[in-house]
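> Chain residues, written in single-letter form:
There are 2 protein chains.
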Amino acid sequence: MAKLYVIGIGSGQREDMTLRAVECIKKCQVIVGYDFYIELIKDFIKDKVIIKTSMKSEVERCRLAISKVKEGYDTGVISSGDSGLYGMAGLLLELNTDIEYEIIPGVTSAFLAAASLGAPIMHDFCSISLSDLLTPWQIIEKRIKAAAEGDFVIALYNPKSSARVYNLNRALEIILRYRNPKTFVGIVKNARRYNEEKIITTLDSINLENIDMRTILIIGNSMTYVKDGYMITPRGYII
Amino acid sequence: MAKLYVIGIGSGQREDMTLRAVECIKKCQVIVGYDFYIELIKDFIKDKVIIKTSMKSEVERCRLAISKVKEGYDTGVISSGDSGLYGMAGLLLELNTDIEYEIIPGVTSAFLAAASLGAPIMHDFCSISLSDLLTPWQIIEKRIKAAAEGDFVIALYNPKSSARVYNLNRALEIILRYRNPKTFVGIVKNARRYNEEKIITTLDSINLENIDMRTILIIGNSMTYVKDGYMITPRGYII
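So the protein lines, in turn, are chains A and B. The end of the first sequence is residue 239 by full-length UniProt numbering, with every number in the run present. The end of the second sequence is residue 239 by full-length UniProt numbering, with every number in the run present.
Hints were generated in silico from the structure; no laboratory data involved. The C-beta atom is built at its ideal place from N, Cα and C for all residues, glycine as well. There may be inaccurate statements among the hints.
As the list claims (entries may be wrong) - Calculated from the model, a selection of chain A residues having no Cβ within reach of chain B, i.e. all distances over 10 Å:
| hint | residue |
| --- | --- |
| 1 | 1 |
| 2 | 19 |
| 3 | 23 |
| 4 | 58 |
| 5 | 121 |
| 6 | 126 |
| 7 | 142 |
| 8 | 143 |
| 9 | 149 |
| 10 | 202 |
| 11 | 213 |
| 12 | 227 |
Said to hold, decoys possible - Chain A side only, calculated, beta carbon under 8 Å to chain B, not exhaustive:
| hint | residue |
| --- | --- |
| 13 | 16 |
| 14 | 72 |
| 15 | 74 |
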């Protein structure tokens with residue numbers, strides 16, 4: 001019986017995929033994904049039927065994938081990062097639980113970015129998406145406040161798009177009510193891709209200009225420090 | 001020049017490692033790790049010098065690894081899950097930034113467990129370790145409260161050890177102050193290993209008996225539901 005593989009591809013670089021992700025992509029006859037992600041792995045899906053859809057057509061994309069499985073094709077739906085965090089696993093299962101699934105976890109962007117910055121996460125952390133396309137802003141705001149109060153390391157996903165410019169400012173304003181303005185922040189764009197850019201700065205000095213949907217911000221907790229260019233959140237070991 | 005590779009090995013099953021993790025393990029002459037993790041990958045490190053240390057000797061383990069690099073050996077320090085979340089990346093950088101590093105991110109336990117449960121994370125989430133060995137309980141408690149109030153999906157790491165039995169009860173008590181007792185909870189032990197065990201239950205019905213250090217609890221948010229055995233947190237798509 002054909003199967004639906006829900007595959008997290010990490011950064012999209014082959015080296016950041018798990019062996020199982022690579023193996024399942026190879027096995028699939030059909031690959032479905034947002035066009036930017038398809039582009040990332042195009043070199044090793046040349047022999048496949050590719051179904052690309054644009055941003056914001058996730059429901060259509062998932063329905064197409066499910067129908068391909070019903071037609072008898074092993075089908076892979078790819079998400080960048082992990083398939084189960086802001087990826088496609090949830091929507092697929094919401095739409096259909098009658099076909100056979102294999103969900104293949106991957107390395108989420110926050111961990112890819114963290115590896116480039118040193119060890120900024122290390123301890124308890126929160127991930128928050130600033131996209132209010134599917135989530136009311138009041139809920140996002142409540143979570144930002146809670147994460148800031150709880151002194152979590154905070155990873156901000158989808159910080160800014162061309163149509164959504166102000167959410168990041170609003171988020172930073174809330175965080176600054178609870179946190180020292182000199183708290184370290186690591187900003188990574190295109191983490192672990194050939195065109196990666198990164199900078200370590202502080203909460204009060206973030207340059208919003210260069211931030212887009214492919215950028216992740218990692219806001220340290222009250223113990224986070226910088227040493228020789230590495231951003232480090234201590235776990236608490238006595239050394 | 002020799003290099004220190006800080007490697008997240010996911011579940012420890014080869015299929016859950018990234019290609020880069022496998023490649024770097026192969027490259028290393030010396031592999032350093034907690035003995036349980038070494039055991040997980042023993043089949044493909046037979047030709048290496050292995051330095052195993054027990055739990056709670058992390059500082060010693062990291063110092064040994066750094067000294068091996070200084071002696072000229074390519075050395076890999078392995079952590080289960082991701083090297084940058086409750087792993088060894090932070091402690092190594094705290095101890096030494098003079099040698100050359102490569103930090104290789106991996107799939108953290110929460111995502112491994114999530115893939116086995118369906119799609120319980122999907123949306124904004126927090127990870128909290130219940131170990132108060134290195135972190136004062138007041139800080140952990142503050143974070144649990146914040147995560148519960150913020151309606152985050154919550155992944156609880158290190159929920160219980162033989163020496164630390166009560167923290168999970170205390171954590172659940174706090175969470176129940178803010179959350180519906182019928183909130184779904186996925187519990188996975190040895191996620192994606194041959195001996196994986198999993199169950200989906202509710203906040204008020206957790207059986208604490210079978211939970212240990214290799215168990216992850218994923219507490220849903222207020223929207224999380226169960227369908228045909230899958231635990232699903234919706235992202236908010238209109239379907």
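> Failing hints, ascending?
Those not satisfied are hints 2, 3, 4, 5, 6, 7, 8, 9, 12, 14 and 15.
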